[in-house]
Amino acid sequence: MSRATDWLARRTLNERLALLAVALGLGALAVGDVEARGKVTLDTRELARIVEGEVDHVTPEELADWMIAGRADYRLVDLRAEEDFAAYHLPGAERRAIAGLEQAGLGRDERIILYSAEGIHSAQAWMLLKAHRYPAVYILLGGLAGWQEHVLYPLEPAPDAPIAERAAFARAGEIARHFGGAPRPWSDSGSAPAALAPPRPTSPAVAAPVAPPTGAKPGAKRKKEGC
Amino acid sequence: MSMPLYKLGAFGDEASLVVAFLIGIGFGFFLEQAGFGSAKKLTDQFYFRDLAVFRVMFTAIVTAMLGLFWLGWAGVVDLSLVYVSTTYLAPQIVGGLLLGVGFTVGGYCPGTSVVAVATGKLDALFFLGGTFLGILAIGVAWPAVEGFAHSTDLGRLTLPEVLHLPFGAVVFLVVLMALGGFWGAGALERRLGGKGEEEP
Amino acid sequence: MTTPSDAAPAAVRRAPAPYMNPYLAGIGLGLVLLASYLVMGRGLGASGAFSSACAVAVGAVAPAHAAGNPFWQDYLQAGVGHPLKEWLVFEVLGVLAGGFLSGVLARRVRATVEKGPRISTGGRFALALAGGALMGIGAKLARGCTSGQALSGGAVLSAGSWAFMLMVFAGAYGAAWFLRRQWR
Chain V
1 MSRATDWLAR RTLNERLALL AVALGLGALA VGDVEARGKV TLDTRELARI VEGEVDHVTP
61 EELADWMIAG RADYRLVDLR AEEDFAAYHL PGAERRAIAG LEQAGLGRDE RIILYSAEGI
121 HSAQAWMLLK AHRYPAVYIL LGGLAGWQEH VLYPLEPAPD APIAERAAFA RAGEIARHFG
181 GAPRPWSDSG SAPAALAPPR PTSPAVAAPV APPTGAKPGA KRKKEGC
Chain U
1 MSMPLYKLGA FGDEASLVVA FLIGIGFGFF LEQAGFGSAK KLTDQFYFRD LAVFRVMFTA
61 IVTAMLGLFW LGWAGVVDLS LVYVSTTYLA PQIVGGLLLG VGFTVGGYCP GTSVVAVATG
121 KLDALFFLGG TFLGILAIGV AWPAVEGFAH STDLGRLTLP EVLHLPFGAV VFLVVLMALG
181 GFWGAGALER RLGGKGEEEP
Chain H
1 MTTPSDAAPA AVRRAPAPYM NPYLAGIGLG LVLLASYLVM GRGLGASGAF SSACAVAVGA
61 VAPAHAAGNP FWQDYLQAGV GHPLKEWLVF EVLGVLAGGF LSGVLARRVR ATVEKGPRIS
121 TGGRFALALA GGALMGIGAK LARGCTSGQA LSGGAVLSAG SWAFMLMVFA GAYGAAWFLR
181 RQWR
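Protein chains in written order, with our numbering: chain V, 1 to 227; chain U, 1 to 200; chain H, 1 to 184.
Misleading hints may appear alongside valid ones.
Said to hold, decoys possible - Pulled a few chain H residues facing chain U out of the computed Cβ check, cut under 10 Å:
1) Val-32
2) Ser-102
3) Gly-103
4) Val-104
5) Lys-115
6) Leu-127
7) Met-167
The hints are simulated quantities; they were obtained by calculation from the structure and are not laboratory data. In this text the structure is predicted, and so the values were computed from the model without any measurement. Using N, Cα and C, we set each Cβ at its ideal position, and we do this for glycine too.
Next up, chain V with everything else stripped away, as it sits in the complex (with noise of 0.2 Å):
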């Protein structure tokens, strides 16, 4: 033993360096791999306060506006069957099947908006991502349910609601005809909205909104991380 703390004296500082670094090139070669494929960590306490926060919604006159604001900074992905989505989807959504959405590729520094058709998947799906460590993920509130009802069909406004909220919806018909939907008159309340609308209609043009809901600029690319 102290034989060899005495040679380990005798070694000259770049000898001691070049026995550390063959060391831990050692320990390297026999841990192998550093994540074993399909492992995840959940940090739960974490996770329900995101859920009870309820900071991971977007809601659908959220998801319009941007749309209309022509924001990229964002990725919509469809969580449904390709047979629904080849008949409907919103603009700029892809499809992905939950399983295997960890390998998609998605980024894990993009902005992700789920939906599925109300949203059980979309949570799961968004439960998935968390579990593989994806930072932005958030859910479509409602799903396509949701985008059809207060999107594309809004209701109008009982005769007598305020004066804002009456002024709100004419905005929200524009909106509505923008996608390709109608607003429904306030006798329709009792029905169901009608069959969903085909994708991408041309419409009048709707004004964009003053200011984006969050602060990232619109068309922002994704940034540089080379040289």
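Put chains U and H on the given structure of chain V with help from the hints.
Leaving out everything else, chains U and H in the frame of chain V:
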């Protein structure tokens, strides 16, 4: 998993610029300490007179690589969030050759020329001017070279994937290669560079 | 910033300090690089900052050309609100400061022209200019220079960065024979 701090939202874009300046100070400090503010010292590498460029560069690579490997293993840093520069093989080979020739001709590379300017080397100012001219030229000619610059796009490709070896095995090989290189560097300096004695 | 008058007296009094042990300097550099990866998730760089500056200059002089050119646009749209408020630009400003700090501490800050005995000052300037131009072209083709590609990409074992690194040494050694009189 609390790192990389920035990617996990620990601070914003404005603060990242302060971090950039601080990291730059460290970078510049060690480049200058290593002697890389001197074109003579840098180009001595290519005449086997002084292989400091090789020594410093590979020690830095080995240090950062071992640090990332072990901190990734300990769960401190999420390696999947660490940026790995994309491989575009053909433009990287041609660009590397041009850059190497430019290194010998001009005596610096972009980072070291900044350090050289900071310590008063007037030739480094001309080198910097040349770098601007080169970037200007390729920017203006970009429509013509864009196709080539985007060719052979292999994505985020790493050596463990190319060699079909575990990450740790490649780490070990790089350590061995570096140490073997350091051991051989002294011999090369004595035999080819006409140097009397080995580095301390 | 480095006029002879403020640096020379110190240099006259005492000789410059010797350079650091290359392995210790390498470990220092490696720890800075590691810190960059741990804090930012990205490596070091240099040439990108020059591209940002170049793009801003082109945008000011020839806005029409810059608007139609994706190369300049890429840099003009980067940054935190302004193309020069960009990570690499601030990092390179730090390199300038760090290099100066180290130079002052080691008494190496002096306005000089580094050249071999057989070459004129003008010749050295011309070679530096030409080398810089080659470097600028090569760095943009390869998407990075010795800092961004070889050092940073090398540490994360990027395949392209290692190919790049080999080619830099190949190119530099290949050219060395033709330029052997520059420093002797």
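The hints, checked one at a time:
no., hint, verdict
1, Val-32, "holds (4 Å)"
2, Ser-102, "holds (4 Å)"
3, Gly-103, "holds (4 Å)"
4, Val-104, "holds (9 Å)"
5, Lys-115, "holds (7 Å)"
6, Leu-127, "holds (6 Å)"
7, Met-167, "holds (3 Å)"
In the structure shown, no violation is registered for any of the earlier numbered hints.
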